[in-house]
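Trainee: What follows is the residue order along each chain.
There are 2 protein chains.
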Amino acid sequence: MSEFDDATALTAHSDGTYSATLSDDWSIGDAVNGGLLMSLAAKAVSDAAADHHPHPLTFSAVFLSPGAPGAATVAPTVLRTGRSMSTAEVVVSQDGTERLRALVTMGDVSAQAEPIRKQTPMPVFAPIEECIAADNAPPSLAQAGLLKRFDLLMDPETVGWAMGQPSGDGEMRAWIRFADGHEADPVALLTFLDALPPVAFDLGAQGWVPTIEFTGYVRAVPAPGPLAVRLRTSTVTGNLLEEDAEIWDSTGRLVAQSRQLASARFPA
Amino acid sequence: MSEFDDATALTAHSDGTYSATLSDDWSIGDAVNGGLLMSLAAKAVSDAAADHHPHPLTFSAVFLSPGAPGAATVAPTVLRTGRSMSTAEVVVSQDGTERLRALVTMGDVSAQAEPIRKQTPMPVFAPIEECIAADNAPPSLAQAGLLKRFDLLMDPETVGWAMGQPSGDGEMRAWIRFADGHEADPVALLTFLDALPPVAFDLGAQGWVPTIEFTGYVRAVPAPGPLAVRLRTSTVTGNLLEEDAEIWDSTGRLVAQSRQLASARFPA
Numbered sequence: 001m002s003e004f005d006d007a008t009a010l011t012a013h014s015d016g017t018y019s020a021t022l023s024d025d026w027s028i029g030d031a032v033n034g035g036l037l038m039s040l041a042a043k044a045v046s047d048a049a050a051d052h053h054p055h056p057l058t059f060s061a062v063f064l065s066p067g068a069p070g071a072a073t074v075a076p077t078v079l080r081t082g083r084s085m086s087t088a089e090v091v092v093s094q095d096g097t098e099r100l101r102a103l104v105t106m107g108d109v110s111a112q113a114e115p116i117r118k119q120t121p122m123p124v125f126a127p128i129e130e131c132i133a134a135d136n137a138p139p140s141l142a143q144a145g146l147l148k149r150f151d152l153l154m155d156p157e158t159v160g161w162a163m164g165q166p167s168g169d170g171e172m173r174a175w176i177r178f179a180d181g182h183e184a185d186p187v188a189l190l191t192f193l194d195a196l197p198p199v200a201f202d203l204g205a206q207g208w209v210p211t212i213e214f215t216g217y218v219r220a221v222p223a224p225g226p227l228a229v230r231l232r233t234s235t236v237t238g239n240l241l242e243e244d245a246e247i248w249d250s251t252g253r254l255v256a257q258s259r260q261l262a263s264a265r266f267p268a
Numbered sequence: 001m002s003e004f005d006d007a008t009a010l011t012a013h014s015d016g017t018y019s020a021t022l023s024d025d026w027s028i029g030d031a032v033n034g035g036l037l038m039s040l041a042a043k044a045v046s047d048a049a050a051d052h053h054p055h056p057l058t059f060s061a062v063f064l065s066p067g068a069p070g071a072a073t074v075a076p077t078v079l080r081t082g083r084s085m086s087t088a089e090v091v092v093s094q095d096g097t098e099r100l101r102a103l104v105t106m107g108d109v110s111a112q113a114e115p116i117r118k119q120t121p122m123p124v125f126a127p128i129e130e131c132i133a134a135d136n137a138p139p140s141l142a143q144a145g146l147l148k149r150f151d152l153l154m155d156p157e158t159v160g161w162a163m164g165q166p167s168g169d170g171e172m173r174a175w176i177r178f179a180d181g182h183e184a185d186p187v188a189l190l191t192f193l194d195a196l197p198p199v200a201f202d203l204g205a206q207g208w209v210p211t212i213e214f215t216g217y218v219r220a221v222p223a224p225g226p227l228a229v230r231l232r233t234s235t236v237t238g239n240l241l242e243e244d245a246e247i248w249d250s251t252g253r254l255v256a257q258s259r260q261l262a263s264a265r266f267p268a
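Chains as they are written, first to last, in this note's numbering: chain A, 1 to 268; chain B, 1 to 268.
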């Protein structure tokens, strides 16, 4: 069983809720990674929704409190079942405290993946063999189990921030895959959309960059192989920025996109 | 009272729900405009949430069935009240049938609007006096009350689609303001983010373009005057496209942004 399958394992109950276990293996700092929580939630919705709507086409989440290692409850509610899509809500909680609440559109991604009439072209990424492994956590981070779950290979042009020289452009590019070789599926793409360091670091921010709201769209089933992720931010006001993520698969196909509003601590 | 205030008037009840009335005046085709429903919902959340969190910083909605003229119930639930933000959920329904469900982050937009560290620059728009009024509905549309609520002035470079010559670029630019002179506030920006014709028309799509999911962020309180709206789409697969909207105020400040996943009928 892959690490991701293990981390997103669910036990169904007769009342429609599911039990899961969150682990430090997917934490960074004090919190279990939000992307992992989203994939866990989407997997429960997939189980609860109609069989012909297995994929999260859209996933919109708010994060109410950080996930901690330990037991969790995932409660999906299907609001509407249509012909090509179903709509659902899902809550992830621990000890009665909400961690995540999301609105989800389920469907069959492959039914809407062709033809490609227009597509955000994949930008130039440094070849994977020239990229820099991001598995060494800064000493300030006590917990960084998350970094061991991926091969995260940063484009050398976008790692200046890790050496104290943020470019100020607000862009990051990296190749990513699960460290144990597990291939990404549409549910896992939600984790990959939130797996890179915050793009705010490229603008000089430091410390925790909590996500206020996250909305991701899965646009295609990814081909096997590493995924190319680009993060960009365009508008930064006060302590708030939007972070746009795009993922291309090994064929150069755009497979997922997202935007999150995040809060960062910028230098004066 | 402005038309917008009239359309978003709410009566509070002791059980925490609100009554409202949806009108044909804000319909296009058979449905009351989704943006108007979102503003209505945000207004109820604003009333229910803490006084110092009056604005929708983020608004993420799914649309379950089209709004129709007549009575509506708006039911907000505050999930969490923090120091700088509150999180809420809100449902708009008619006769027990859900029209819209949304997750909302409330805060004080003006508290996070300075400094502007980075900002999507306003692109070149044709001067408002050279733009083309879009208040004439195509004859095929029986209902188009919505078009009378705005002065919607389309940039001549992005109206080819209305004359049967879509550019294929997937971009629209227009100036917009309420027809009765009412100035936009943060809640009204949600309506303006969804008030233009669908950008899919610029790719040759025709007919109804339903919104599957919409997430908007309000980034600043708009200055008085007309607003400049740009719509763009980048990835169109099968019948699905994302539509990105950006709104700049009369000072050139980016005041709102959104992305929606929509379904369109494209020519073969």
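Note that these hints are calculated values from the structure, not bench results. Just to be clear, a hint being listed does not mean it is correct.
Stated by the list, open to error - Label-pair distances were calculated between CB atoms; the ranges are:
1. G160(B) x Q206(A): 45 to 53 Å
2. W208(B) x G70(A): 28 to 36 Å
3. T77(A) x A111(B): 28 to 36 Å
4. G160(A) x S167(B): 54 to 62 Å
5. D24(B) x R265(A): 47 to 55 Å
6. G160(A) x T81(B): 50 to 58 Å
7. P210(B) x G70(A): 39 to 47 Å
8. I128(B) x T251(A): 42 to 50 Å
What the hints assert, rightly or not - Pulled a few chain B residues facing chain A out of the computed Cβ check, cut under 8 Å:
9. S23
10. T105
11. E114
12. K118
13. Q119
14. Q206
15. V209
16. T211
17. E213
18. S234
19. L240
20. F266
What the hints assert, rightly or not - Sample of chain A residues lacking proximity to chain B, with all beta carbon distances greater than 12 Å (derived):
21. T11
22. D25
23. A50
24. P69
25. V91
26. P224
C-beta atoms are modelled at their ideal positions from N, C-alpha and C, and glycine is treated no differently.
Trainee: Has the hinted range 45 to 53 Å been met by the Cβ atoms of G160(B) and Q206(A)?
Mentor: Because 48 Å falls inside the window, the suggested range holds.
Trainee: Any Cβ of chain B at or closer than 12 Å to D25(A), or is the non-interface label fine?
Mentor: holds, 27 Å
Trainee: Please check whether Q119(B) passes as an interface residue: C-beta within 8 Å of a C-beta belonging to chain A.
Mentor: At 5 Å from the nearest chain A Cβ, Q119(B) passes the 8 Å test, so the hint holds.
Trainee: Using the Cβ atoms, figure out if W208(B) sits within 28 to 36 Å of G70(A).
Mentor: Cβ of W208(B) to Cβ of G70(A): about 47 Å, so the range 28 to 36 Å is violated.
Trainee: Taking the closest Cβ pair, is V209(B) under 8 Å from chain A?
Mentor: violated, 14 Å
Trainee: Using 8 Å as the Cβ threshold, decide whether E213(B) counts as touching chain A.
Mentor: E213(B) check passes; min Cβ-Cβ to chain A is 4 Å, inside 8 Å.
Trainee: Regarding the hint that E114(B) lies at the interface with chain A, is the smallest CB-CB distance below 8 Å?
Mentor: holds, 6 Å
Trainee: Is the gap between the beta carbons of G160(A) and S167(B) within 54 to 62 Å?
Mentor: violated, 39 Å
Trainee: Taking 28 to 36 Å as the stated bounds, is the beta-carbon spacing between T77(A) and A111(B) within them?
Mentor: holds, 34 Å
Trainee: Measuring from the C-beta of Q206(B) to each C-beta in chain A, is the shortest one below 8 Å?
Mentor: violated, 15 Å
Trainee: Against chain A, is S23(B) within 8 Å by beta-carbon distance?
Mentor: Nearest chain A Cβ about 25 Å off; hint violated.
Trainee: Taking 47 to 55 Å as the hint, is the beta-carbon distance of D24(B) and R265(A) inside that range?
Mentor: holds, 49 Å
The structure is inconsistent with the numbered hints 2, 4, 6, 9, 14, 15, 16 and 25, although it conforms to all the rest.
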